[in-house]
Amino acid sequence: MGRPVSDFVKEDVVDWLKGLASHGVKLELKNINELLDRVGNPQCSFRTVHVAGSDGKGSTSAMIASILQEAGVRTGLYTSPHISEINERLRVDGECVTDDDILLMAHEVMIVVECMKDEGFDCTFFETVTAMAFLYFQRMGVQTAVIEVGMGGRFDATNVLSPDVTVITNISKEHTKYLGNTIAEIAFEKAGIIKSDVPCVTCNDGEALKVIIDVASCHGAPLKRVDDTELVSMDTEGSVGRYDGREYRIGIPGSYQIVNAAMAIEAVRRIKGAEITEEHIARGLEKVRWPGRMQLFPEKDLIIDVTHTSAGMKVLRDDVLALYGKVVTVFGILDDKDLVGMASSVGDMSDLVFVAAPDTDRALDPAELRRATGIICDDVTPAATVEEAIDMAMAARCDRKVLVTGSFRMAEAAFKWLRRTSA
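Residues in the sequence shown are numbered consecutively from 1, following our numbering.
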């Protein structure tokens with residue numbers, strides 16, 4: 001690595017981790033099991049809630065963590081991907097990991113990963129950060145950690161846990177290159193987090209639910225499907241919904257958040273040994289915050305949303321039209337997404353669209369974005385970068401809001417734009 005890892009600063013660690021991304025996506029558990037074994041299996045030192053799904057798993061995970069914190073449980077939260085800083089992925093009691101602690105975890109894990117490399121094990125970025133997260137939670141005395149799946153579930157690096165409860169949020173078509181081309185195939189991969197005799201909570205129906213029922217039955221896992229949720233109201237700062245005879249204020253905007261909240265409620269009720277009251281649940285849901293979920297910055301008339309599936313984009317379309325009417329949209333996605341479905345929803349809520357490629361090798365060509373979105377919206381303009389697209393949208397918006405959406409990397413660029421223009 002050139003010099004002792006003890007001399008590294010955060011930027012060196014981030015660069016080293018990015019270098020591991022060249023190993024690609026590995027849907028297998030051999031590497032992570034070996035890596036965790038060599039660092040002492042820290043994941044065995046705390047209880048876990050394991051959350052998979054296509055849409056809403058980050059919000060649902062944040063809600064579960066917020067409720068646990070209200071109940072006085074020392075709580076870890078591991079999510080992915082991050083928007084701006086890698087620190088966002090690791091939180092304890094709502095606080096992101098510090099740069100110093102990242103260095104401490106990296107110092108230990110890097111040595112092991114480099115030794116494993118010499119023995120023919122090429123650990124990926126996600127495997128390595130997952131090990132760092134588990135070590136961090138152990139060192140911080142976490143009692144219960146909420147762990148979000150990275151991709152799929154069955155062979156995701158997080159699927160080494162023995163959780164108290166599993167949660168499978170809404171399943172839609174995504175990552176088809178890795179997970180399959182049908183809802184049933186994708187659901188089978190995500191249902192891979194279900195464990196023997198461990199309760200599972202889901203909101204799915206149709207083909208996805210059939211698969212989840214089959215897998216849960218094979219494992220003897222008690223299955224709870226949430227239904228009978230009702231959206232009461234929604235505003236720019238949150239939403240109010242009704243579930244199980246009670247009304248809840250949720251600190252994340254969006255009509256679908258009551259469904260996510262219902263899954264969080266059922267999940268915390270199933271955590272072993274947790275003394276969680278209805279008041280803990282109500283306060284946790286009211287206090288929860290999660291960036292990039294229809295997040296409005298009123299001083300800029302800018303909305304940032306990380307929606308990255310066609311199902312999620314349909315909900316976002318309806319919510320944006322209900323709250324703001326037609327918007328000017330800055331749109332970009334990755335190359336394994338449902339372009340036609342997402343572009344259709346973008347066109348429905350926009351009378352003016354700017355398209356750009358997010359800053360990643362997996363970005364879809366803006367020319368393809370323009371063609372697909374142009375079928376619905378007559379005015380679609382490509383830009384060289386996302387930040388340039390936001391500048392163009394702001395200049396053209398008149399009295400309309402500007403929405404940036406399509407992926408986490410689009411959100412990252414939007415937050416960079418905010419920092420630049422607010423300086």
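None of these hints come from the bench; they were simulated from the model. Any given hint might turn out to be false.
[Claimed, not checked] Derived CB-CB ranges, DEER-like:
| no. | residue 1 | residue 2 | range |
| --- | --- | --- | --- |
| 1 | 205 | 245 | 41 to 47 Å |
| 2 | 298 | 245 | 17 to 23 Å |
| 3 | 375 | 38 | 51 to 57 Å |
| 4 | 273 | 233 | 34 to 40 Å |
| 5 | 180 | 94 | 31 to 37 Å |
| 6 | 18 | 119 | 18 to 24 Å |
| 7 | 117 | 297 | 28 to 34 Å |
| 8 | 95 | 117 | 31 to 37 Å |
| 9 | 375 | 41 | 41 to 47 Å |
| 10 | 237 | 184 | 34 to 40 Å |
| 11 | 278 | 233 | 34 to 40 Å |
| 12 | 396 | 232 | 41 to 47 Å |
| 13 | 277 | 422 | 37 to 43 Å |
| 14 | 38 | 237 | 42 to 48 Å |
Bear in mind that the values here come from a model prediction, so they are computed numbers and not experimental data. Glycine included, C-beta positions come from ideal geometry on N, C-alpha and C.
Here is how each hint holds up against the structure:
1. A C-beta distance of roughly 22 Å is found between residue 205 and residue 245, which places it outside the suggested range of 41 to 47 Å.
2. Hint check: residue 298 to residue 245, Cβ distance near 35 Å, so the stated range 17 to 23 Å is violated.
3. In this structure the hint that residue 375 and residue 38 lie 51 to 57 Å apart at CB holds, the actual value being about 52 Å.
4. Between residue 273 and residue 233 the Cβ separation comes to about 35 Å, which falls inside the hinted range of 34 to 40 Å.
5. Our hint of 31 to 37 Å for residue 180 and residue 94 holds, since their Cβ atoms are close to 35 Å apart.
6. Here the CB-CB span from residue 18 to residue 119 is close to 22 Å, well matched to the stated 18 to 24 Å.
7. Checked against the hint of 28 to 34 Å, the pair residue 117 and residue 297 fails, with Cβ atoms roughly 43 Å apart.
8. At about 32 Å, the beta-carbon gap between residue 95 and residue 117 stays in the expected band of 31 to 37 Å.
9. Evaluation of the 41 to 47 Å hint for residue 375 and residue 41 yields a failure: the beta carbon distance comes to about 52 Å.
10. With their beta carbons about 38 Å apart, residue 237 and residue 184 fall inside the hinted range of 34 to 40 Å.
11. Between residue 278 and residue 233 the beta carbon distance is about 21 Å. The supplied range of 34 to 40 Å is therefore violated.
12. The supplied range of 41 to 47 Å is broken by residue 396 and residue 232, whose beta-carbon atoms lie about 36 Å from each other.
13. At roughly 41 Å, the beta-carbon separation of residue 277 and residue 422 lies within the given 37 to 43 Å, and the hint holds.
14. A C-beta distance of roughly 45 Å is found between residue 38 and residue 237, which places it inside the suggested range of 42 to 48 Å.
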